[in-house]
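*Asks:* Residues per chain are reported as follows:
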Amino acid sequence: MKPLIAISAIALMLGGAAPVFAQSSHVPAGTKLAKDQSFTYWLQDDLKTLDPDLSTSKDGNDVLQQMFDGLYQQDDHGNLVPAMAESFDVSDDKLTYTFHLRDEKWSNGDPVTAQDFVYAWQRLADPKTASEYAWYIELMQVKNAHDVIQGDKPVSDLGVKALDAHTLQVTLETPIPYFRQMLVLSSTFPVPEKVVKEYGSDWTKPEHMVSNGAYTLKSWKIGESIEMTKNDKYWDAANTTLTDLKFIPIQDLNQALTRYQAGELDFVQTPAGQYPRLKDEYPDQAHAPPRSCVYAYRFNVGPNGPEALKDVKVRQALSYGINRDIIIDKILKGGQKPAYSWTHWATAGFKAPDIAYAKWTDKERMDKARELLKEAGYGPDHPLKLRIMYNTSSDHKKIAIAVQQFWKQLGVEATLENFEWKVYLDKLNTQHDFDVARTAWCADYNEASTYLDVNTSWSDQNSGQWSNAEYDKLMKDSKTAADPQADYTKAEQILATDMPLAPIYDYSLPMLLNAHIKGYPFDNVQLNWYAKNMYRTAK
Amino acid sequence: MIVYILKRLAIAVPTLLVLIIASFLLMHAAPGGPFTSERQVPPEVLANLNAKYGLDQPLWKQIATYLSNVVMHFDFGPSFTYKDRSVNDIIAQGFPVTLTYGSLSFIAAVLVGVSLGVTAAIKRNSWLDYFAVGISIGAQVLPNFVMAPILVLIFTLTLHWLPGGGWSFDDPRFWIMPVVALSTSYMASIARITRSSMLEVLNSNHIRTARAKGLPSRKIILRHALKPALLPVISYLGPAFVSMITGSVIVDVYFTTGGIGKSFVDSALNRDYAVMMGITILLGTLTILFNLVVDIIYGWIDPKIRY
Amino acid sequence: MVIDQSKMASLAEATSREDVAGRSLWADARRRFFHNKAAIFGLGLLIFVVLFALFGNWIAAWNNSDIDYNVMGDVTLSGPSFANGHYFGVDDLGRDLFARTVQGTQISLLVGVIGSLIAVVVGTVYGAVSGYFGGRVDGFMMRLVDILLAIPYMFVLILLLVIYGRSIGMLFVGVGLISWLEMSRIVRGQTLTLKNREYVEAARAIGVPALTIIRRHILPNLVGVVVVFATLLVPLMILTESFISFLGLGVQEPQTSLGALISEGAGTMNYGTLWQLAFPLFFFIITLFGFYFVGDGLRDALDPKER
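Residue numbers (the working numbering), protein chains in the order written: chain A, 1 to 539; chain B, 1 to 307; chain C, 1 to 307.
Since the hints were derived computationally from the structure, they do not count as laboratory data. These numbers were taken from a predicted model, which means no experiment stands behind them. Backbone N, C-alpha and C define an ideal beta-carbon position, used for all residues, glycine too. Hints are not guaranteed to be accurate.
What the hints assert, rightly or not - Part of the chain C face toward chain B, derived, beta carbon under 10 Å:
| # | residue |
| --- | --- |
| 1 | Phe52 |
| 2 | Pro80 |
| 3 | Phe82 |
| 4 | Asp146 |
| 5 | Met154 |
| 6 | Gly259 |
| 7 | Ile262 |
| 8 | Gly265 |
| 9 | Gly267 |
Go ahead and model the full structure; you've got the sequences and the hints to work with.
*Replies:* Listed below in structure tokens is the structure:
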């Protein structure tokens, strides 16, 4: 630690720091806090950007939500809590939302205004910005988003307006029940118009960057670390306990674990298969909360897919043939759950349909699968041959090898094709050149449509090119339905029968978290954590 | 001499040009582009991205624009992956790190390697000799991605002496493991080359003459034997330095130093054309310069060489 | 680990000296080689490794891709055991490590030997042609080598594997093409000396075509260098392959290589599964040692001035 920081830390401790900590609403009375209020978080990959309008990753979101306050945040259970939006009104047709903003300041002292949101959203949609997440504002159904992104209408036509400095009005194309849930993501954060215009793409450099959240950027060295310090101008600074945040990108989980064990990280995801051992060794540090993502094998039923997979019996047989329990109990071992539906089991309000094969024994599934394959015309003299495609990663590899072995028992000859990430994406999404591909989906917001919309025939993410009129209709109707959950359950039923993909497991996040770090939201299925709600206790 | 250097530098220009164009074409031939992402980008957004980064231009025009920016403004363009950083930013951040531990490794490898080799040669067939030869062979066959975790196991997890990763210019504790992991196998090669060429020189006629004259052996070794014995070592140093910088990928990956080795691999995987080109040009230039320096030193030590 | 060029040059000179009668050179060399304990030891190691790779599957109780569900995912059961037929234990997925090591050794040997053959063949032909024709052709061809030497090869290899996918063929070509440049320089140097010999001039005078002269009179004199260079190149190739595997760009599953096995084993060495690192590493190291000692022994046998 450099002397200057050390002195200021001591000064903070002596100069009435204790009463400030005691007042913090997140810290239970009587907690003994550590002097060093720092938190070091592990990232798998380094961020590609710190610009909320350009950010595209879950990790990016984790980092940005420490620095920015959007309209809403989530509490420890994933429920919405107001951040910038103190209150809101919605019109009777559910097409116009009016948000009343909190009186907050940017870290340079300027007030945060409704115009900063307008600017940020227009910038997100602007073709000149060319954000890879511009589609998100389209997904939010903001009026004219599609035309603005295409460049057919000026950004000023986007359905977002500042009525006055503290009133933001958003107009939608079609009503969507989960609109406010979508406002947690970093793509909807405000950006300081003045600063962005002054520095251009350099505005996110530590010396220029201005933010309105609990922390401000201190440094970012690509491939090494991102550091933040507490923002004293933050409206809730008095209740913010952690003072220094550090994010370290380490690709390999084994290396990350070593760094955790050396005391250099406070949080790390455990490598596949290591969780039970670590749980024994560190019972107070190991956790495996559910995480709203699903892992599946997608079948290519499109024109480039193999003829065999167009037969629903073959798809069913292949899905039945995957022994999810072995994958979870013997390979991953980290609190994941077997998945038979596409939507994560813990998604808010979601009720999975009754899926028969979920309850079958291993033998029943395999017998049924063999039977189906036989009906479809495959057998020892005419074996089914398939390619399994996955991207380079040791966990994907392990699952692919296991699935290959499961299918071998059905007489299916599967070959493995391991491609580097970009090639894999190109084959999956652009060329549709695969038979069976591993795929995963994570919730953008805590509601089942974030999963189910993926399989509609118009979705860009429907890489297997499956299309089902009934399913499409259900998803369309759900947008305006009084109770969309019933539609979601029916849609899952269709997936379980027509089997455009074989769900494999629902994610958890098996992790080690320093026992002295408190306040991590284990019950939030999106695991959206806010450092300002967390604190470090004394040893 | 000066003519020779100028000639070599003149070759450097077409060399770099070939390198640039070849890697540019190779890169663009790769499937997937910088904006291929897990969530398929809608066509209208992709069009905007391509327009913003000039990827909608014909290939020859892209190369021409790129070259003129590099030559006229020394501007390698914006990174395609790191949206708010330019290639110059990324190299400016990562290269000093790589250069620091790379140079330290180089110095360590040369100093330790030469001393080990000379000692082994002088004390031929003693336990010291066997020890040195044993170490150098062992170090050559142990891949550094095995060595790195072993180092971490010993010095970080067991002894708690050194940090397991990260980088700081102010704190040498961060430098030690990267330097050891990177330099060991080069040190071993240098030791072996030094030992055998030293033995050869010690058996040569002019050293025998010097001995016969009764010169003290320390003087013989330092004044007469070392210089010629180092010739093969020097010719080894050019390629060694370059492959050290290349080998830095493992150090960057393992110790999260933030150096350019990892940046290069990542840029190839991310199709970050701009960063990849920038680092290729940087390393190509370094290779050319270093080979030239080695040749000049070679000529300076061995006056028989004519340019 | 890089081959000592000055020694190779000296060897080339020794094997093409005019006063050495071909037959006696080889007879002497054989005698010297079999008196070199290290070389014999190396040869023994190599024979052992090759036998292991060829016939290991006869002993193996499992094949390299089947999962043993009884021991899968249970560290206490997955260690080496004769009772369940997993002599070397199993890997993370419950696959037999013995069978995988056998198969990995096959791949590593193949990559090493074929890669080194490609390098030697391309380098020899290129160097011989360049040296024999001389003049402008030679100038152009050697400038090209200079240019190619300035390319950071490991990076090009990474690019190639990224672009053309991971196939064994690409790996052979990729590692092979890295190392032919040095070979071509040595061969060219030797060819320059050889082509002025009387018998070559005589052949030319009676109108023997150039390529026939190269084949009949130049290449046979280069056999020594080629053999030694190739042997010493093999361990380099195997090391290169292991680096590629570490980056995850190696051969496709369920195929594996020693480098891939070691890299997996090194990642999990702290979790009480040390056998996953130890067995592949053992075979990796003795393979490298073997080629190394044999290569050194051959060179010393053919160019005996140092001992």
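*Asks:* Now look at each hint and say whether the structure bears it out.
*Replies:* The hints, checked one at a time:
1. Phe52: 17 Å, violated
2. Pro80: 20 Å, violated
3. Phe82: 27 Å, violated
4. Asp146: 6 Å, holds
5. Met154: Interface hint status for Met154 (chain C): holds (4 Å vs cutoff 10 Å).
6. Gly259: Holds, about 7 Å.
7. Ile262: 6 Å, holds
8. Gly265: 8 Å, holds
9. Gly267: Since chain B brings a Cβ to about 8 Å from Gly267 (chain C), closer than 10 Å, the hint holds.
Of the hints listed earlier, those the structure fails to meet are numbers 1, 2 and 3, in rising order.
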